[in-house]
Amino acid sequence: MSAAVTYQLTRNSYGRLVLIDQSGVTHEGVIPVRSFPITDPGQGIALIDSHGHELAWIERFDDLPEAYRVLIESELASREFMPEIKRITKVSGFITPSTWHVETDRGTAVLILKGEEDIRRLTASSLMITDNHGIHFLLRDRTALDRHSRKLLDHFL
Amino acid sequence: MQKTPRFSLNNLPAIWTDELSAQLSEDESILAWLEIDLDHQLHFATGIVIATDKRVLAKMADDGTWQTWAYQQGLQLTQRDHAGVGCLELFDPHARLAFWRYRLSNVMAANRLIECFSQQLDYHVSGKLPESSQTSAQCPHCGAFLSAEQDECPVCEKQNHIPPSTWVLLRLWRFAKPYKGRLLVGFLLTLCSTAATLVPPYLTMPLMDNVLIPYQNGQPIDTDLVQLYLSGLLGAAILAWMLGWARTYMLALVSERIGADLRTTTYEHLLNLSQEYFGGKRTGDLMARIGAETDRINLFISLHLLDFATDVIMICMTAIILVSINPWLALVTLVPLPIIAWLIHLVRDRLRIGFEKVDRIWAEVNNVLADTIPGIRVVKAFAQEKREAARFHAANQRNLQINDRVNRIWSLFTPTVTLLTEVGLLVVWVFGIWQISQDEITVGVLTAFLAYIGRFYIRLDSMSRIVSITQKAAAGTKRIFDILDHVSSVPESTNPVHLPPIQGQIELRHVGFRYGTRSITHGINLVIQPGEMIGLVGHSGSGKSTLVNLICRFYDITEGAILVDGHDIRTLPLAEYRKHIGLVLQEPFLFFGTIAENIAYGKPDATRAEIVAAARAAHAHEFILRLPHGYDSLVGERGQALSGGERQRISIARALLINPRILILDEATSSVDTTTEKDIQKALDNLVRGRTTIAIAHRLSTLREANRLIVLDRGRIVEIGNHAELMAREGYYHRLYLAQARNVDEEERALISATEHSIAGEHK
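Chains A and B, in that order, give the protein sequences. Residue numbering for the first sequence follows the working numbering, beginning at 1 and increasing consecutively. Residue numbering for the second sequence follows the working numbering, beginning at 1001 and increasing consecutively.
Okay, chain B solo, but in the shape it has when bound (with noise of 0.2 Å):
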């Protein structure tokens, strides 16, 4: 029964929407709800808070009544949360009337409820109609704002969860799609040269019946036919060997780009994830996933898919040549195949567990390795080799023990099927003779039987291995998908919108963000205009580096909206927007190649005069000129050969090459002395003209160019202004820079007492 359109509108949960068309008057309407799924001491349960047009209501599941509270001066809707969980509360003016507690899945519907709430309030109060809705349509879940032309909204799409078919191995048809000729020759060619190899066993019957047998009965042998069964023989053999060796060489063709294609696609794929993935991914188990997966997958579909597939034909194949030979005999022969299958499915999904396992762990021992290489220096300095290896070792030991386990069923398969091989020729035997003592058959038809059937279980025995290597292959295609499955968390937009060149303006809007369950920024409103510098300032952890993150798109918000010249920066293209950004971090990354490559990182056509004169912007030209193979020097994966303000400065030179509208500086001098900071300041000082410029950093000092200065305390804004006037206002930013000019003073204090002292000690 609905009496609204409102009520559809909000699509309220059906187990409420009786009870609660029992509550409301004729006139009411609902505007938001809250569904709240814990109760005051955390445990689970079901509930609802819903906000009418005319008052609050709220009921747990388990509760007789409504509880409902009209709109009145002084009422008050709060929400806040810690690890995971909200508390909504309702205030009067003296005293809490009532919490609720709920899951962050539901955090949006919580805003939207208390924004609903404070304009209900603000009507009923004062009589002020509430503002009609944004002008811009918001996403009824997580309230972003869409774009005229998109229907969904671009942060929700990405939070479906629905789990990858078992069918794992299909899926590799994606990659071997664009090779379907040369699959289908390599599948005509398997196809003759199983044939090829089936034709000498049939051959042993007349050779057998006709030659072999008359002869020990006392008639002499016939040579010509001798001579044309056994040219048969020779030819069937080398005709064989020629397909085989075509087919298997156009397989292995084929299965080689295979593997190619998905090692670059899955590298793609990796580069477009958003850093939040790189955050919780070790680097090991990613870099095995690429190599060492990719290449499982290539061997098998090379080697064994193959081997599995002649295989399958083969016993096709063979059971027809069979039945049409002696269909009661063939009946007996091929009585044990079921069993055998049924062996096989029995022992599958135990193995599957087994090699996932197996391969898990084998990560988490390149985990180990990966994470004590890099920093072997923090090991060796507080002597903790023998922990780490014993780390290795404790991995290595579970390694062994899953291995163990697996190898323990693995091991009892192999020769089931062999006895089980032996017992289905004791049958074909058995069967045989007594059909040769009823004249039945010939001694030929057994002869040729068992050739044919001795091959047969050898194939079979080996189709069991392929249990194991298409379970392992499953596996390790599992895992490669489930990268290439990896939706990014920040999505290329699906109707992106191309900037034209642009002025750099950036706009946030009521900015959150929440990382895992923490909260790190909320409610941020700041408008920068074009060619604005900006000084970010605050603790450690007050959400500086986040907003930047944010505002490069590293990370999306999770509330709210950034825009660039009016646009929301989810619908532009990433690599396009990104284009617009000169990004000069703390710790400059200077890749493996000469110092002109790492120069010219993003922009990789530009010329010898542009990379030299942004060197020269940069105040690096000289230095690199005093380098003994100057612009091709090497630079080894960290930079190791060049000091930090060298390394600096060179990234610095990067982000003016690509002569960015919008420069973020994150602490960009914080990692050198003073001095080789003065240098970075003026090579900054060029990088920073005309550009619309967000600058982190430690040193207050650093900051004074800046048009604005904004105090973050927590995660959000605290003070704007420039310098003078923060100072002037004796605030937050004044307490901050005091206590840093004490610390600057100390710092120097002990510079000079140290200098001292190593002067003293070089005089003794």
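Bound-form chain A, shown alone (with noise of 0.2 Å):
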């Protein structure tokens, strides 16, 4: 069901995006949030106010026109960074503390790798590796690295 909208949104020249709601309430400086970014992504966006409130709920992308899902999805894409590793070029050692060079789908990146239990395992496949800066690199799916990245990856399983 594409339930109706009842609300605008715009950006306005300072790159926020702006929310007008029924009562016709301003909402400045809105902001989208996924509820499962990594197990579900399409699923459940959240419009939040600057304070963190609840403003709209989206149940699905294909709910909304199609101003709007650009909108939403620009927005999204500007605040979202999950780097997903697709290729393990070197690691400096086995042995954490350990730099690794990683190629991911948003270029190439050197992470440093805390301690093993910054790895998280999500599925039986796919893993979460947290950086020394908190930074979450997603591997969505180990079986498909290529047999270096694999080799590598391996010695920290």
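Please note: incorrect hints may appear among the correct ones.
Pulled a few chain B residues facing chain A out of the computed Cβ check, cut under 8 Å [as the list claims (entries may be wrong)]: (1) A1045; (2) V1085; (3) S1105; (4) R1360.
It should be emphasised that the hints constitute simulated quantities derived from the structure, not laboratory data. Glycine residues also receive a C-beta, built at the ideal position from the N, C-alpha and C atoms.
With the hints in hand, could you dock these two chains into one complex?
As structure tokens, then:
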């Protein structure tokens, strides 16, 4: 069911999302947030105001008018930062802390793994790797990595 | 090409210096810069934003030109962050001019950039000169204040990430060093006892050539000679037995001590680590490391390493003896040795990885237990026993899987060595028989050779086992040193300042704290006078407990400084500083022991009179006397025999006994009912008197005594004042108070109706 959207969403010249709700109240600096960023990114997106209160709930992206969807997606794209590791080129050593050179969907990067406990198993094949600054790197499917990366990764699992 | 001294001072990354020097005018100097490591779509990219004394410049590496903005009225530079990514934005009054994204490793640089920007903007707009730089020195990286005698920033030092060396086992030397003398004696004993074991095969040679072969050829047996040889054999055996005993005992003694030292040192180090470390680790894993791993290392040193050393010594001695008897036969005998060594080397790496995995999976099995058993009430309440059993089963299954894989390589290893041994013996037989037929050696020599290499190869077999054992021990050592190498994130200052008895003035200067990527508090400025009582108020998650944890230095602040009597708390010795702080928590933790011991926890040498006085002041005296053994009553691991209020009063007595200048009450009364709360409140009133007190309370009514209330919202101070003032202001506190008053009413009504209910129930 494509529920009728009861609010207006625009972007102002300050680069902020602005939402005007049913009763005509304007909320500036609206932030879209995914409820299940890892397990189901497309499901359940909340629009929250700058104080962290929920303004609107979007069950699925498909429920939205095209223009709003593009707006929200672009805002999400500039907020979400979870590089997905595609390849591990080099690790400095198998003893932590260890410096990893990785290729991600956002370009090549260097991360420092503080300890093996920073590698978290999400499912049997997907991993979440947290670097020393707390940035999460996602490894969606470790069985799909190339042989070299798999071998390096294997040392830490 | 450097134009200004500022250039070198700022250590601008080399790739930008040349490009930038073309951009800047003669008298322009760089004040601050921020390296950008992400582009707008959050892909990794490089760029830079620079503030000079004239303007702001920015460029991404793949942009063609520099963007510049001169300082003018209305320009604004702000910074915000989310999930580990910062966003620096430049506004004019009408629109956003530009924005940049960066990882939070650069957050200090960003703050500095903004600071310089606003100073310069101020100067250009109002003509007012920027204030001369701070009176106290600041760390160039993190902005922490440095005291005069500190050259290096204690905050930045801890962020080194150099992996430890691979030769972990050698690091155990640190623990072996105190026992050098005994180790040397042990080594000498090993040498002698090994030499003694090599005598019997040597004696087989003359026994064969001078006694047995002549007898076969028709000569009578020379009994004196036989007696001599046989008593030599017996003597050597007895000598070897005695030396072997002395050596094993001596080295076991030493290794036991090394193990004990290792355990205590690791535990001591662990206790000094910050709360952050304990937050990120699981109890089961830590317990396994200190318990099982040290034991494994211990066993390794006392048994396996000793055997290995003996074997190496024996091989060397045997080789020397063999060569001295017959170099050619010795050569043939020793040829398989390098092959086996190579084989060992080949398998070593695979096995090490495998054993590390086994260890890790073992810790995982332990973790499942450590997670479930303390939470057994929840498990049972939600009837999830099956699920927990399945989780354990799964962990065990993975343990099996990995062990199976390791064993596949491992099981191939030993038979291969045995095969090589047999082949080696065969070669010696063939070559030996050929040499005898050429009359180059005697039968005795061949027998002696076979006797030697029989032992020799048997030892090689057991030596090959050392590979896996060493790897296991190395893996264990690594895990121990993981703890030992972990520098506390609240490091002890290298030049600690010793405080005189303190007054209790606390000053928070621009305090910010970040946990992982979540910024929890920021920009908090507050001065608490000696003896003042402060109440921290706010919704849960507003940063009250964080602030208290920062003041106790359980965590270190990420920005700003906390000063006690004008000293940065990072420059004070931790233990000394915490002696001045009394802490009463929501969930008082009682250790296993008597009540008296628990009260005297912070001051073990307290007299009985002091303990009783503290208990009286905490209104705990009377209920303690009602217990069967008074102050000597035992309380369990979590003080299960006592009620929440009683436990709380014991913990108040504990805080009273150390007579701290600073007192922190973290929700001290929120886990008990209102009547008990009144008792505790009375106890607390005694405690608070004359001390700098910071109290967090969920029930605002308990904070009426406070001189000032600090209202926090999402990590910032929103209101300060006493109850009356804040109520009059009708702001955040007012709303909070009204909301709570409503809840209390409802609660009481619910309580009354519940009691009525139960009374009605009893009458039936």
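Return the numbers of the hints above that this structure violates; sort them in rising order. Every hint satisfied by this model.
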